[in-house]
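> Single-letter residue listing:
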Amino acid sequence: MSLAATVTAPFRYVSRRARTLAWHAQSYFGLLGRALQGSVTRPFYLRDLTVQLDVVGVGSIGIVLLTGLFTGMVLALQSAVELRQFGAEIYIGRLVGASAVRELGPVLTALMVTGRAGSGIAAELGAMRVTEQIDALKTMGVDPVRKLVVPRFLACLIALPLLTIITDLIAILGGLLIAVAKLDLSVDLYMRSVYLALAQTGFTLGFLSIDFVSGFLKPIVFGAIIAVTSCYFGLGTTGGTEGVGRAATGTVVTSSIFILMSDYFLTQLIIALLIE
Amino acid sequence: MTPERDPLWDSGLLREERAAARALLDASRREEEGLEDPVIQLCDLVLEFGTTRVLDGISLEVQPGDTLCVLGGSGTGKSTLLRLILGLLRPTAGQIFVRGSDVCRATDRELMELRQDMGMVFQASALFDSLTIYDNVAFYLHEHLDLAEDEVEARVLESLEFVDLDPEQIRDLLPAELSGGMRKRVGIARALIHRPSILLYDEPTSGLDPITTRTIDDLIGKLQRELAVTSVVVTHDIRSAFRIANGVALLCDGHIVFQGTPEEMMASDNAYVRDFLH
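Read top to bottom, the protein sequences are chains W and A. Going by our numbering, the residue at position 120 of the first sequence is 120; the numbering climbs one at a time, nothing skipped. Going by our numbering, the residue at position 190 of the second sequence is 190; the numbering climbs one at a time, nothing skipped.
Do not rely on the hints blindly, as some may be mistaken.
Across the chosen pairs, the derived CB separations fall in these ranges [said to hold, decoys possible]: (1) S15(W) with L174(A): 42 to 52 Å; (2) T8(W) with S179(A): 56 to 66 Å; (3) E110(A) with S2(W): 42 to 52 Å; (4) L174(A) with T50(W): 18 to 28 Å; (5) A176(A) with S27(W): 24 to 34 Å; (6) T107(A) with Y195(W): 48 to 58 Å; (7) E110(A) with F70(W): 53 to 63 Å.
From chain W, some residues computed to sit far from chain A (all C-beta separations above 10 Å) [stated by the list, open to error]: (8) H24; (9) I61; (10) I271.
I should point out that these hints are in silico values taken from the structure, not numbers from a laboratory. Cβ atoms here follow ideal geometry from the backbone N, Cα and C, with glycine treated the same way.
Produce the complete structure using the sequences and hints provided.
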C-alpha cells in the first residue's frame with residue numbers, strides 16, 4: 001500500500017461509515033414517513049391492528065404490572081432510608097409519584113415493551129423476510145409497509161400510553177404498600193403527598209397535571225420508536241436464521257438507546273413549553 | 001464460452017440506448033414477421049451488487065403461452081432474474097418489459113398493478129406461517145376483491161383441487177403441518193387463484209423426490225395447456241426442464257450461453273452446454 005493510501009485510509013473509512021449511517025438514517029425516517037402516511041390513508045387493516053394491539057398491549061400487561069409494582073416498592077424503600085434521617089417520611093408519596101409519573105413509568109414501560117414486543121416484531125418480520133414471505137406479499141400486490149408496519153406502528157402508539165398509565169398507577173400503589181406496611185404512614189397522607197407532587201408543576205387546560213401530560217406524550221414518541229426500529233430491523237434482515245437473531249438484538253439495543261436519548265430531549269421540550 | 005456478439009455493440013451507443021434500440025428493432029422485426037408481442041422481454045440487462053456483476057447483458061423474450069426454462073448452476077443469477085421481472089430488484093442497466101410496460105421505470109403503484117397479472121411460486125413456497133392453508137390461498141381474493149365469502153371459498157376449493165389436493169383434508173392446517181411437495185402445490189394454488197396470465201417458478205422441484213417432481217412438472221404442463229399461462233421456470237433440473245419447456249436458456253457467469261428449444265439444446269455442440277447436460 002502506498003504512503004498516500006495509508007494516510008488517507010482512516011478518512012476513507014470514516015467517509016464510508018458516515019455514508020452508511022446517512023443511508024440508514026434516510027431509510028429509517030423514510031419508513032417512519034411511510035408508516036405515518038399509511039396510518040391516515042387507505043387501505044386500513046383493522047383486523048391486523050386488533051391482533052397487534054393484543055400482542056403489544058394486552059400481552060405486555062403482565063410485565064408492566066410487575067415492573068410498576070416493584071419499581072414503586074423499591075422507590076419507597078430507598079427514599080425512606082434517606083428521608084428518615086430528616087424525619088420527612090411523609091414526602092415518600094411525592095418522591096414515588098413524581099419519579100414514577102415523570103420518568104420511570106414511561107421509560108421503564110418503553111424498555112419492557114421493547115424487550116418483549118419490539119424484539120418479537122423484529123424476529124417475526126425477519127423470519128418473514130428470510131423465508132420470502134415479504135416478497136410473496138409484494139408479488140400479490142400488497143404493500144408490506146401498509147400490511148405489516150402500519151398495524152404494528154399504530155398498536156405501539158395506542159398501547160404505550162395506556163401501558164404507561166398502568167405502570168404509573170401500579171408504581172404508586174407499590175409505594176403505598178411499603179409506606180403503609182413498613183413505614184406506618186396512612187393511606188390518606190401518602191395519597192395527598194402523591195397529589196402534591198403531581199400538582200407541583202402545575203396544570204394545563206385547568207385540570208390536567210403537566211406531569212401527567214408529559215407522562216402521556218413521551219410514550220407516544222417511545223411507541224413510534226419501538227415500532228419503526230423493530231420493523232426497520234425486521235424488514236432489513238439478511239443472512240438466514242442468524243440474521244433474525246441479529247435483527248432482534250439490534251432492535252432492543254437501538255430502541256433502548258433511542259428511548260433514553262429522546263427522553264432527555266422530550267423532557268427539555270416539555271420543561272421549555274409547559275413549565276417555564 | 002463467450003456470449004453471442006451484440007450487433008449493436010460497435011454502434012457507439014450507451015448501454016441504455018442500445019437496450020432501447022434493441023427493443024425497437026425487435027418490435028419492427030416482429031411486425032414484419034407478423035409475430036405477437038412478447039409477454040416478457042428483457043433487453044441487455046445488467047445487474048451489479050457492489051463490484052460484482054451478477055447479470056451481464058441478458059436479452060430474452062417469452063412469447064404468449066410459452067414456458068421458458070432458465071437453466072444454470074447455483075449462484076448464476078437465475079432466481080435474481082425472476083426478482084427483476086417482478087420489479088423486486090432494479091437492474092443496473094437495461095430494460096424489462098412485461099406486456100409492454102417498462103418494469104424498470106414503473107412507480108411502486110404501477111408495479112403493484114403489474115404484479116396483479118403475475119403469480120410467483122417461491123423456492124421454499126413462502127406460505128404465510130400464521131395463516132391456514134385456506135387463508136393462504138384466499139389471501140389475494142381477500143386483499144383485492146370484494147367477493148362474498150361463499151365465492152371466495154368456491155374459488156379456493158377449485159384452486160386446491162386443480163393442484164390435486166384434497167381441500168377438506170388440508171384447508172384448516174398450517175403450512176408447517178404439510179410435506180414439502182404439498183406446500184409447493186399450495187404455493188401454486190395460491191399463485192393461480194387470481195388467474196394471472198404470467199406465472200414465475202423459482203426452483204419448483206428442488207428438494208423433492210422424483211415422483212413428486214413429476215407431479216409438479218405435470219401440474220406446470222396442465223397450467224400451460226388448460227389456462228394458457230405464460231411461464232418462466234428457473235431450475236437446475238434438466239429432466240424437469242425438458243418435460244415442461246418449449247424454450248430453454250442456459251445461464252453461466254451472468255451470460256446466456258445458449259437459448260433455443262430443448263431439442264436444439266440436446267443437439268448443441270457448445271462445450272458448456274454439453275458439460276451441463278452430461
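> If a hint holds in the structure, say so; if it doesn't, say that too.
Verification of the hints:
no. : hint                             : in the structure
1   : S15(W) with L174(A): 42 to 52 Å  : 49 Å, holds
2   : T8(W) with S179(A): 56 to 66 Å   : 57 Å, holds
3   : E110(A) with S2(W): 42 to 52 Å   : 49 Å, holds
4   : L174(A) with T50(W): 18 to 28 Å  : 20 Å, holds
5   : A176(A) with S27(W): 24 to 34 Å  : 32 Å, holds
6   : T107(A) with Y195(W): 48 to 58 Å : 56 Å, holds
7   : E110(A) with F70(W): 53 to 63 Å  : 55 Å, holds
8   : H24                              : 17 Å, holds
9   : I61                              : 22 Å, holds
10  : I271                             : 42 Å, holds
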